[in-house]
Each structure stands twice: as C-alpha cells, then as structure tokens.
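Q: The chain contents come next:
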Amino acid sequence: MIMISQAIKYGIRRSWKLKEILLLFLGINLSLSLFFLLPYLKTFSDFFSDRLAGQVLGKSNLYLYYAEFYHYMKADVLSGKRFVLAGAVCYYLISLIFSGGLLFFLGNSRVVKWGIFFKESWNYLWRMLKFALLLVSLLFIVTFVDLLIILPLTNLLPRPFVEDVYFWFYSGAFIFIMLSWLLVILLFDICRVILVENDYRSIILTFLESIRFFYRHPVKIVYLNLSLLLLFATLTFIFWFLQKYIPGSNEWGILLGFCLLQITIYLQYWIKFARYGAILKFYRILVYNHY
Amino acid sequence: MSFIFYIVFFICLIFQYSLSQIIFESPLSKRNANYVINARLDTDQKVVYASEKLQWKNISNHPVRELQFHLYLNAFRNLKSTFLSKLHYRHRRFSRLDSTKLGGIDIDRLVVDGKYDLTSKIEFIQPDDGNICDSTVVRVSLPIAVLPSKEITIEIGFCSRLPRIIARTGYVYDFFLLGQWFPKIGVLEDGQWNCHQFHINSEFFSDFGVYEVNMTLPVEYIVEATGILIDLEEGDSLKTMHFRAEDVHDFALTAWPKFKKHTKMIEDVEVNLLYAAEHSGQIDRYLQAISVAIKYLGNWLKPYPYPNLTVVDVPLFAGGASGMEYPCFITTLSLWGAPSDVKLYPEEVTIHEYAHQYFYGLLASNEVEEPWLDEGFTSYATNKVMNYMFGRHSSFSTLFNIHKGQFDSHKNSYMRQPTLDFVLKPSWEFSTGGYGFTQYDKPVLILQTLENLLGEETMNKILSTYFDRWQFKHPTSEDFFVVVNEIAPQNMDWFLIKALQTTEVIDYSVLSISNEIMDRKKYCPTIYTSEVLVKREGTFQIPVEICFTFENGDTLMREWNGNETEQVYTFQHSSPLIAAQIDPMNKICLDLNWTNNSKTVSPQKGAFYRHWLNSLKLYQQALVNMLTF
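Chains as they are written, first to last, in the working numbering: chain X, 1 to 291; chain R, 292 to 920.
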C-alpha cells in the first residue's frame, strides 16, 4: 500500500512539473481538433449561418434541422467526417512520436529542455512504432481468444431468447473483452515504461520483461492503475457536470465552456501522465528497490 | 303449477344465457359474414384442426353465382407464392423462411346449406398476377345463385399448418399468434368479388360479422383473443375456450404458457395486457400509453365501442409477431430496460396499433387497394396522441438532449426520397421501400398540412363527420375527399389530388435580401429600400405566407400564391429589413426543406458556436482517451 501511494505521489508530482510537455500535448490536441474539425464546421456554418433555423438551434437541439443539414449537405458532411478521422490518426502518430521524450522526462528530475525532448523522442521513435504494431496485433489475438472462450458458452443460454439473461450474458462478455483489451493496453504501457527505463533495444525482450513484471505483481499494478483511472473518471465527471450549467447560447457562455474544456483537458493529461510516472516509480521500487 | 314454474324458469335461464352472449344491444354493422369456428390447436405439430360454419348474406343488389375465399396462410405454402417470391430481403421483420417452416391451409370439406358438397369444385385463382404457384384465393361455383338479401351457410373443414412467425402470424417455440388462420370470405362489391391475393405489402379487407370461436388447446397455455371469453371448459390436459366478438371483421388469438397478465379498466374498456415476465418493468409505460390513447382518440374521433382490448407484449424472440392490429386485439413490443427517453417501444407502437382500431377496425377501408386510408390516418392519429402525451419536439426521443418528435421522424423519411412513389396506389404495386414511406410517412405530412391549411377545428369536424358517416362501411379515398370538400370552406381537390396522386414536391426558399438607403437629400429621416427574392424550388404550387422582419421590430406579412418560379418583394421602410421567412408557422409540412425557408441579413452564430463547442468537447476528449498518450 505504501509502495503504491509512493508511486502515485511520484507520478502526480513529477507530471505536474512537466508543464511544458502538458502544454505541448494540450496544444497538439487543440490545434489538431480545430484544424480537422474545420471542414465539417464550415459546412455547418454555411448551411445555418444566414437562416433563422440557426437561431432556433442556438437555443435547443431540434432533430429536424440537423436531419435537413445531414441530408442536404450529405457529401460535405461525409468528407468532413473523413477529415475528422484523419485527424485522430494524425494525433495517434504524433503522440507516439513524442512518447519517448515524455517518458524520458518522467523518469528523471531534469528541467524540460526541448532539445533533449526531441532527441529522446527520436531515439525511441522506431521502437514505439513497433510497439504500436505489436499492440494492434495483440488486440486482435486477444479478441480472437476471448471469442473462443465466449462462443461455446452461448450454448448454455436459454432457448428461446430471454432478454435480461441474454443482456447480462452479452454485457458480461463485452466487459470481459474490454477488460482483456485494457490488460493488453496496460502491458503495452508497462512495455514503454520499461523500454525507456532500461533503454532495451529489443521489443520482444521488453515485452517479456513487462509480462514478467505484471505476472509477479498483478494485484498491485491493477490497483495502482485503477486508482489513477478513478481520479481521471472523477475529473471527467466533474467537467461534464459543470458544463451543463454553462449557458451555451451566448458568446460568454461559449468562451467559458471553451476555457473549462481546455482546463479539463490539461488536467486529464496530467493524470494520464501521472499514471506513467507512477508505473515507472513502481517498477523501480519493485525491481531495483529504488524508493 | 310447479311444472309451469320450472318451464318459465328454464326459459328465463336460456333467455338470460343467450342475452349474456350479446355484446351490443343492436348491431353496429351489417353483420353479413358470421363465423362459428371450432378449432383445436396442436401445439406440438403447430397445426390447427378446425371446422368453420359461415353464414353469409348477399348484401349487394346482384345475384351471386360463386364464392371467393382468402386462404392467407397459403402465402407461406411454397417459396414461389406471390408473397414469398418477392421476399428477397428482410422486410418488416419477415425473416426468410426455409422449406421446413412453411405453412398453409388445406380445405378438406366445403358444404353449402348442408346439402351441396362443393369440395371437389374448389379452384385456386390468381386475380392479381396470374401466378399459378399462388394459392391464397379460392373460388367455388355455386349450384344455385344467392339472390340479393338472401343468406347461405357454408361449412368448411380445414387444417391450418402454421408457419414460423412471418407477417405477424405463426409460431416460435411455444409462442403462437394465430392471424389470418382460417378461410375468410372476400368482400362482394357491386356484384364483383373483391378478393385479392396476399402480397408482400398488402394487408386485409373483409366484411363485418359475429365471430364465435371455440379453441381447444393445452391447459397450461395463457390465451387471449379477439372478443370476450364466454365460456371455459378445463380438462386434465386440454381446455376449450369460447370467444365471441361482434361487429368485427377478423379474429386473432395468441397463446403462450409464459405470458403474465395484467387487467385494468380504462374508460369502460377492459384492457388485458399480456406480457413477457422480463417486461414487467414496462407495464406502467404500456398502461399509460394505452390509457392516453383511449381517452384522446375517444374524445377526438369517437369512444372505442368494444368492451375489451387485448394488448399483447410479444416476447422478443417472437418479435416478428409484434406491431399488428386485429379487432380488439393488438400486438406490440417492448424491450427489457428500454430507456424512457426513447418512446418507440412501447409507447409509439402501442398507440399506433391501438389507433388502427379506428381506421382498420371501425372504418375498415380496403387496406389492399388503398392502404393509406389505414396506415396513413393511423400514423397521423399516432402523431397526435404522442404529441399530446410528450410534446411536439419530444414525442419520439430526447436521447442525448436531441429533441425528436414523431412528425420529425416522418418528415425525415419523406425528405430522403420524396419522388420515389405516390400515395394512391394499390399495395401490391409498391416497391418494398416505397410502401412504408408513401403509406405511413407522406400521408402524415399531407394530413397535417391539410389540418394546418384548414385549421384544427375544421379538420376535427371533417374527421368526426367521416367517422359518423362511414364507420363499419368500408369508405374509400373518394368518400374522404367528399367529406373534406363538404366541410372545408373551399374545394381542396387541388391539394389532395396533387399530394396523393403525384410525386410533385413543395420547396420554397428565400434567395436574397438587400437593403439600400434612399437618397438622403430627398428623404429625411432615412428611408431604406429593401428587396427580397423568393423562389419556388419544387413543382407543387401552394399559397404561402411570408413574414418580413425589420430592424426596429416591425413585421409585415404577405401572401404569395406560390405560382411563379421567382418573386421579388420590395419595401420602403424607416428601418432596414433583417429577416424574411416563408411559411413562418411551418404550416406546409410537405415543404422539403424548412431551413432554406428563411434568410437573415446578419449571420446567426448561435447554432454554430454551440455546435462548435460540442464538437470540440467530443473530439478533444476522444483524442485524450486514445490508446496512447
């Protein structure tokens, strides 16, 4: 318990100090969002900007006007949505590129220097990309294995179909698949932390090391991650709760909503990075006895 | 003395017993097709063994030399039937049938007036498409003609093999819905039989009468049916239930051992709700929906005349049986844990099927030849009840704080394929997709536009007159038009004919607004010349109102006949024009695009800002939560 709280404390403190990197990620997130949402939002603006329907929609969400928009601007909306998806891929790649630099600074107490950040990012780039591929492959394999376990169990379900029984069964199956995905993602996160910590050249070696680490301390690792996940979820919940009370029909309300969103995103990155910091510290404590 | 007493007592007993079986004091309809059916449902074999005694009266002015019957279940006898041959894909929840799950009716005996055995003279006919593989209609030539006002008795022995649920009839496991399961006589119109084959899009048309049905089946089955239960005889393993229904034109029955039952009196109607155990959490939603529907439609059209109504919440494994109307009997659907933000199940389906009791049940228009008279009017009535219950913009769903009304749902469907087909067309001529949109969605918009043009009071008067005049009499579209033109202050054929018989569309838009300051030297204070260009984008011309709003708050209304392709409006006013809106009250529901009905001089940023922030929230959060950093 003490080890876990020490690790969390380390992660939270260390990631809070990496303000430059937090701002970098926030900046990337915001600029990509603004850029890749632009065609879709322009289409929306073109359709409603000089129509009274725009006034109505400013006050409440009436389905019919949205339906007209999606129907009459179908082609533009579709291309806008494709652009939005491209933005997500772009963000994924950029975050992969910078993950080496971030983990490097999480692992020591240096002040952030951009030269070192980019150098370390480059240093780990190819290994991080290989991990990304490994992650995708593992997710497929795990899903396949999950289905092999779940599908024979469907024979135990009552015939004919009874909704609540089936609902709980398939919800359970879904949660089971999601948990196994989370486990794979967690292993992947541990991999990246171990990779930077030990500067391993081989991703297989790193992967095996992370499995060994997880195998030895499964409960503690899950507990650590759940604690920070809970913090993240609470933060997100507070945001969605607060934003309900911000008037969305005037400029000030929009500005306030925007600021609250950016603060929340910043804090969310903080907690996310804190988790990596905590895993790193935890690894050091358990493997190297480095308190 | 005691002998006379016993005789009188005995006569009274018989009299009282016969009285107890009469639902209405006097017939509501002509009752020219009366059925007595003795049937046994073999729940293992999925077969109904039955004999039917039909008393049929010739209410036309012509002698009749042949009889025609519907054998609807024969639509599922072979894969080449007119119905199944067109079942190329899933449609209205009809799953494809394999050859082991087919059904059909076999007649083994047909005797007229107890003396003419015409079994060998039964002949399959295909009046609509000549498909010899279709056996949904039979003809029997009579040895002697049935003269006008004369009655004959036809005894039919038959066996109905039930298909796996299709077109809202059949079985799934131990669940049964018996619909269209017995030989049903066609409707004689002007000496000609109106007896169409069973098509994929067609529903039913038949005469009113009294139905007495004795159904024998295993005791463990929970059963409800059209009409009221008169008698129940229970043995060790079997029970016989005697149902009676008066002034109805069909008889349906459902049976399932696992049904739960809830009964409630609503406005003198005994509502029997049969439901699956897992839907017990939805009982209140069902009862509220049916209660509002009974009260609303009772006030709006006329009170529901029958003493009872059976509402069958079909278990989801037999979902293909849901969403169907039979006299005094509807099947509907709910979902376990369905959120109350979405009103499709059970509210909308329940109210829709109940509203059928008026248009399918009481008016009993020909659903095969003019389906819009049932489905269209029923959807319009559903729209009314749902709006009354949940509000105009929330009557379909309020999920994710997006407000969707029933009307919006219909308009959305119409908007997507407005020229696909027109409304007034026999059901079998529609493409599968066209049927739904032309018979459900477009008629709602047409009737709502008609109401908006004439006013709610006039429309209510039209509908009450239509009902008073035509209940139990099979009205046609023409009969409705006559009533409309009789009550409306002007002849409405120009609208109804175009809306129902063409695919022409209505779409008006404001193209531009401009303001110019007039010569300052001449005019003091400043006078503005404002010009508005409006356009008719569609070919359907309809008069519309246009509202012009000036910066100082003044508004002007103008009426445009809507005939010209473009029209320019010019104003001289002390204030510049800031907005113009065609049809500001959204009366023309058939207008394809309401957004382009208006234009403003200054940009309306409210919607953009909200949408921008909402999109940003979702997108930024999604990026934060991606698999990696």
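One or more of the hints may lead you astray.
In silico lysine-lysine, DSSO-like type, Cα no more than 30 Å apart, as pairs [said to hold, decoys possible]:
1. R:K896 x X:K74
2. R:K908 x X:K81
3. X:K74 x R:K908
4. R:K908 x X:K244
5. X:K272 x X:K81
6. R:K441 x X:K244
7. X:K74 x R:K826
8. R:K896 x R:K908
9. X:K59 x R:K896
10. R:K878 x X:K59
11. R:K348 x X:K42
12. X:K130 x X:K113
13. R:K878 x X:K74
14. X:K17 x R:K908
15. X:K19 x R:K716
16. R:K406 x X:K81
17. X:K59 x R:K764
18. X:K272 x R:K908
19. R:K555 x R:K530
20. R:K826 x X:K42
21. R:K826 x X:K59
22. R:K377 x R:K337
23. R:K764 x R:K344
24. R:K406 x R:K441
25. R:K321 x R:K371
26. R:K371 x R:K406
27. R:K348 x R:K321
28. R:K555 x X:K74
29. X:K42 x R:K555
These aren't lab readings, by the way, just hints derived from the structure by calculation.
Q: All hints are to be evaluated individually against the structure, with a verdict given for each.
A: Here's how the hints hold up against the structure:
Restraint check for R:K896 and X:K74: satisfied, since their Cα atoms lie roughly 21 Å apart, inside the 30 Å limit. Pair hint R:K908 plus X:K81 holds up; C-alpha atoms about 16 Å apart against a cutoff of 30 Å. Of the pairs offered as hints, the one joining X:K74 and R:K908 holds, with about 23 Å between alpha carbons and a cut-off of 30 Å not exceeded. For the given pair, R:K908 sits about 12 Å from X:K244 by alpha-carbon distance, which is consistent with the 30 Å threshold.
Restraint check for X:K272 and X:K81: satisfied, since their Cα atoms lie roughly 27 Å apart, inside the 30 Å limit. Taking the CA atoms of R:K441 and X:K244, the gap is about 73 Å. The hint is violated against a cut of 30 Å. With a CA separation close to 23 Å, the supplied pair X:K74 and R:K826 stays within the 30 Å bound. Restraint check: the Cα-Cα separation between R:K896 and R:K908 comes to about 18 Å, which is no more than 30 Å; the hinted pair holds.
Between X:K59 and R:K896 the alpha-carbon distance is near 11 Å, which keeps this suggested pair within the 30 Å criterion. Distance restraint check for R:K878 and X:K59: the Cα-Cα separation of roughly 22 Å lies within the 30 Å cut-off, and the hinted pair is therefore satisfied. The straight-line distance between the Cα atoms of R:K348 and X:K42 is roughly 69 Å, outside the 30 Å bound, and the hint therefore fails. For the suggested pair X:K130 and X:K113, the alpha carbons sit about 26 Å apart, so the restraint of at most 30 Å is met.
Our distance criterion of 30 Å between C-alpha atoms is met by R:K878 and X:K74, whose separation comes to about 26 Å. For the hint linking X:K17 to R:K908, the alpha-carbon distance of about 26 Å falls within 30 Å, and the restraint holds. Taken as a hint, the X:K19 and R:K716 pair is broken in the structure, with Cα atoms around 70 Å apart against an allowance of 30 Å. Taking the CA atoms of R:K406 and X:K81, the gap is about 75 Å. The hint is violated against a cut of 30 Å.
Note on X:K59 and R:K764: the hinted pairing is violated, with a Cα-Cα distance of about 49 Å set against a maximum of 30 Å. With a CA separation close to 18 Å, the supplied pair X:K272 and R:K908 stays within the 30 Å bound. Using a Cα cut-off of 30 Å, the hinted pair R:K555 and R:K530 holds, with the two alpha carbons roughly 25 Å apart. About 25 Å separates the Cα atoms of R:K826 and X:K42, which keeps this hinted pair within 30 Å; it holds.
A distance of roughly 28 Å separates the Cα atoms of R:K826 and X:K59; the hinted pair therefore holds under the 30 Å criterion. Straight-line distance between C-alpha atoms of R:K377 and R:K337 comes to about 25 Å, which keeps the hinted pair within the 30 Å bound. For the given pair, R:K764 sits about 24 Å from R:K344 by alpha-carbon distance, which is consistent with the 30 Å threshold. A hinted pair counts as satisfied when its Cα atoms are at most 30 Å apart, and R:K406 with R:K441 qualifies at roughly 17 Å.
With a CA separation close to 37 Å, the supplied pair R:K321 and R:K371 exceeds the 30 Å bound. Using a Cα cut-off of 30 Å, the hinted pair R:K371 and R:K406 is violated, with the two alpha carbons roughly 36 Å apart. Of the pairs offered as hints, the one joining R:K348 and R:K321 holds, with about 9 Å between alpha carbons and a cut-off of 30 Å not exceeded. Between R:K555 and X:K74 the alpha-carbon distance is near 48 Å, which puts this suggested pair outside the 30 Å criterion.
Proximity of X:K42 to R:K555 is assessed by CA-CA distance (about 55 Å); at most 30 Å being required, the pair is judged violated.
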